[in-house]
Amino acid sequence: MRPKVLITDTFPLEFREAIGRLPVSMKYMPNVPKAEILVELQDAQVLILNSGINVDRATIDAGPRLEMIIRAGVGMDHFDLPYLSEKGIKVLNTKGGNAESVGEQTVGMLLAMRHWVVRADKQMREFRFMRHPNRATEIRGKTIGLIGYGFTGKAVARKLSGFGCRVLVYDKYLQNYGDQYASEASMEEIFAQAEILSFHIPLTEETHYLADADFFASFSQPIWFLNLARGEVTHLPSLLGAMDKGEVVAAALDVLEHEKKLEHLPADQQLIFEELFSRDNVIVTPHIGGWSWESLAEINGRIVQYVEDWLAGR
448 MRPKVLITDT FPLEFREAIG RLPVSMKYMP NVPKAEILVE LQDAQVLILN SGINVDRATI
508 DAGPRLEMII RAGVGMDHFD LPYLSEKGIK VLNTKGGNAE SVGEQTVGML LAMRHWVVRA
568 DKQMREFRFM RHPNRATEIR GKTIGLIGYG FTGKAVARKL SGFGCRVLVY DKYLQNYGDQ
628 YASEASMEEI FAQAEILSFH IPLTEETHYL ADADFFASFS QPIWFLNLAR GEVTHLPSLL
688 GAMDKGEVVA AALDVLEHEK KLEHLPADQQ LIFEELFSRD NVIVTPHIGG WSWESLAEIN
748 GRIVQYVEDW LAGR
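If you're matching positions, the sequence shown starts at 448 in our numbering and goes up one per residue.
Hints are not guaranteed to be accurate.
Below, a list of computed lysine-lysine pairs in the DSS-like style, where the Cα atoms sit at most 27 Å apart [claimed, not checked]:
{"#": "1", "residue 1": "K569", "residue 2": "K542"}
{"#": "2", "residue 1": "K537", "residue 2": "K451"}
{"#": "3", "residue 1": "K569", "residue 2": "K481"}
{"#": "4", "residue 1": "K481", "residue 2": "K589"}
{"#": "5", "residue 1": "K542", "residue 2": "K481"}
{"#": "6", "residue 1": "K537", "residue 2": "K474"}
{"#": "7", "residue 1": "K692", "residue 2": "K542"}
{"#": "8", "residue 1": "K474", "residue 2": "K569"}
{"#": "9", "residue 1": "K707", "residue 2": "K569"}
{"#": "10", "residue 1": "K534", "residue 2": "K451"}
The hints are simulated quantities; they were obtained by calculation from the structure and are not laboratory data.
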């Protein structure tokens, strides 16, 4: 009997066809209630998903035959990793698969922010020719701090290498990670020297609300702030307060806390986002940093390879 591969979330036809060519029984269930997924998990050996459901204890217990779970993407904050380890279930993600895309978006948002592209575009569409207020500040010769130097942080540093800027990077979990694109630094050095700061870290208990009021107040000069990691890494009220105090000049955010339910937030939380969106020194995008056609092909290709390797080793 062929092992069963259960696929939730939406995946393109080419990917499903590639999985279907393998010696497996494939069940594709995008956009269905979780209760239906739990039923199908009962006899599945492999679960492939993105972020549509939480892989919590109830989900894990619903799949007594599960051997492997594959996450199409990087973030694992919706996985109960300790329980999966306890159950002996192999867990894989596609880290690095969208790093180049996030790297491009980071540089693009940084340039758009420093050259006031979004604000100037809006003004022009309103027939307001406002050249002087939109004078740019080049990144040439500036010091940029990157927090996190995994696949994405490295992609950002490589792409910045042609701009004539200095890149300092801090990663708590690495050693001797400086290279030709970035110099290893302590957080204290980044606080003291960085004019631009960009996050490229996972969401963990340690990084939750890392960017709070104390964080922004620790910089020796006003910074230009980017977050293309996870929304919950930034405490938005603290960011707004830092902007009011002049500690943050402008912000570019590809990720937001509660980003998938912005229209259904309580009134007090809604006000925070309304305040954020009203500022012309803020750029926001809907978590599309790693959302390129090329990254989609890369991620899906890796997943197919993971399943092939699992079949070969099983």
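So, going through the hints one by one against the coordinates:
1. K569 to K542: 36 Å, violated
2. K537 to K451: At roughly 15 Å apart (the allowed maximum being 27 Å), K451 and K537 satisfy the hint.
3. K569 to K481: 42 Å, violated
4. K481 to K589: Judged against 27 Å, a Cα distance of about 49 Å means the pair is violated.
5. K542 to K481: 25 Å, holds
6. K537 to K474: 20 Å, holds
7. K692 to K542: Violated: K692 and K542 sit about 37 Å apart, past 27 Å.
8. K474 to K569: 46 Å, violated
9. K707 to K569: Holds - the C-alpha atoms of K569 and K707 are around 25 Å apart, at most 27 Å.
10. K534 to K451: Holds, because 19 Å separates the two Cα atoms, which is no more than 27 Å.
Checked against the numbered hints listed earlier, the structure breaks hints 1, 3, 4, 7 and 8; every other hint is satisfied.
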